[in-house]
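Colleague: Here are the chains, one letter per residue:
There are 2 protein chains.
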Amino acid sequence: MDNIFNSKVRVKILALLYGVKYCEFNYLLKKLETSPGNLWSHLKKLEREGYIEIKKYPLKKGVRTVVKITDKGIEKFREYLNELLKLSGGGI
Amino acid sequence: MDNIFNSKVRVKILALLYGVKYCEFNYLLKKLETSPGNLWSHLKKLEREGYIEIKKYPLKKGVRTVVKITDKGIEKFREYLNELLKLSGGGI
Numbered sequence: 440m441d442n443i444f445n446s447k448v449r450v451k452i453l454a455l456l457y458g459v460k461y462c463e464f465n466y467l468l469k470k471l472e473t474s475p476g477n478l479w480s481h482l483k484k485l486e487r488e489g490y491i492e493i494k495k496y497p498l499k500k501g502v503r504t505v506v507k508i509t510d511k512g513i514e515k516f517r518e519y520l521n522e523l524l525k526l527s528g529g530g531i
Numbered sequence: 440m441d442n443i444f445n446s447k448v449r450v451k452i453l454a455l456l457y458g459v460k461y462c463e464f465n466y467l468l469k470k471l472e473t474s475p476g477n478l479w480s481h482l483k484k485l486e487r488e489g490y491i492e493i494k495k496y497p498l499k500k501g502v503r504t505v506v507k508i509t510d511k512g513i514e515k516f517r518e519y520l521n522e523l524l525k526l527s528g529g530g531i
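So the sequences go chain by chain: A and C. Numbers 440 to 531, taken from my numbering, label the letters of the first sequence in order. Numbers 440 to 531, taken from my numbering, label the letters of the second sequence in order.
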């Protein structure tokens with residue numbers, strides 16, 4: 440049982456990244472109703488487990504943080520969603 | 440943020456019940472790879488929050504335990520799955 444999926448926020452992060460492949464930290468923050476600190480801790484966990492990559496680009500003022508889903512992340516999220524659709528009979 | 444969905448096992452229980460509406464405890468146990476004790480604790484939590492109903496029917500030997508998803512459970516699971524499908528772009 441994969442611990443990554445024991446969090447609604449992490450599942451939503453993966454769902455969003457599955458759709459867009461990569462995006463900025465602030466975009467995630469806007470789309471998912473959570474705090475910057477909470478989002479960051481979930482992203483670090485996803486990165487440690489190889490589901491996403493986080494890159495920081497220095498700007499004149501501050502840093503631009505880009506988050507990208509990995510092949511593993513894509514595969515695992517697809518498996519998760521497929522399992523739910525299969526269990527639930529495929530239709531909503 | 441609904442705490443119910445912070446568990447892969449609970450989400451899978453709801454997915455399965457969403458498809459079949461009701462089933463026996465032993466059927467859930469067979470379909471979801473978990474222990475009886477773990478399954479039971481997740482079912483009790485789902486029952487407390489009004490997502491499912493649990494009924495016990497005495498048999499000559501032992502008890503038949505039937506688990507049924509409630510209207511609230513159906514609605515909440517549909518919302519969850521719709522949200523994931525929407526975030527991920529609708530296609531897998």
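Since the hints were made in silico from the structure, they are not lab data. Just to be clear, a hint being listed does not mean it is correct.
Since the list can't tell identical chains apart, any single copy or any two copies may satisfy a pair.
[Unchecked claim] The calculated lysine-lysine pairs, modelled on DSSO-like cross-linking and capped at a C-alpha distance of 30 Å, are: (1) Lys494 <-> Lys483; (2) Lys525 <-> Lys460; (3) Lys511 <-> Lys499; (4) Lys525 <-> Lys507.
If you're wondering where the values come from, they're calculated on a predicted model, not measured in any experiment.
Colleague: Next, verify each hint and record whether it holds.
Modeller: Hint check:
no.: 1; hint: Lys494 <-> Lys483; in the structure: within (12 Å within a copy, 42 Å between copies)
no.: 2; hint: Lys525 <-> Lys460; in the structure: both (24 Å within a copy, 15 Å between copies)
no.: 3; hint: Lys511 <-> Lys499; in the structure: neither (33 Å within a copy, 50 Å between copies)
no.: 4; hint: Lys525 <-> Lys507; in the structure: both (27 Å within a copy, 19 Å between copies)
This entry does not satisfy hint 3, going by the numbered hints stated previously; all others are met.
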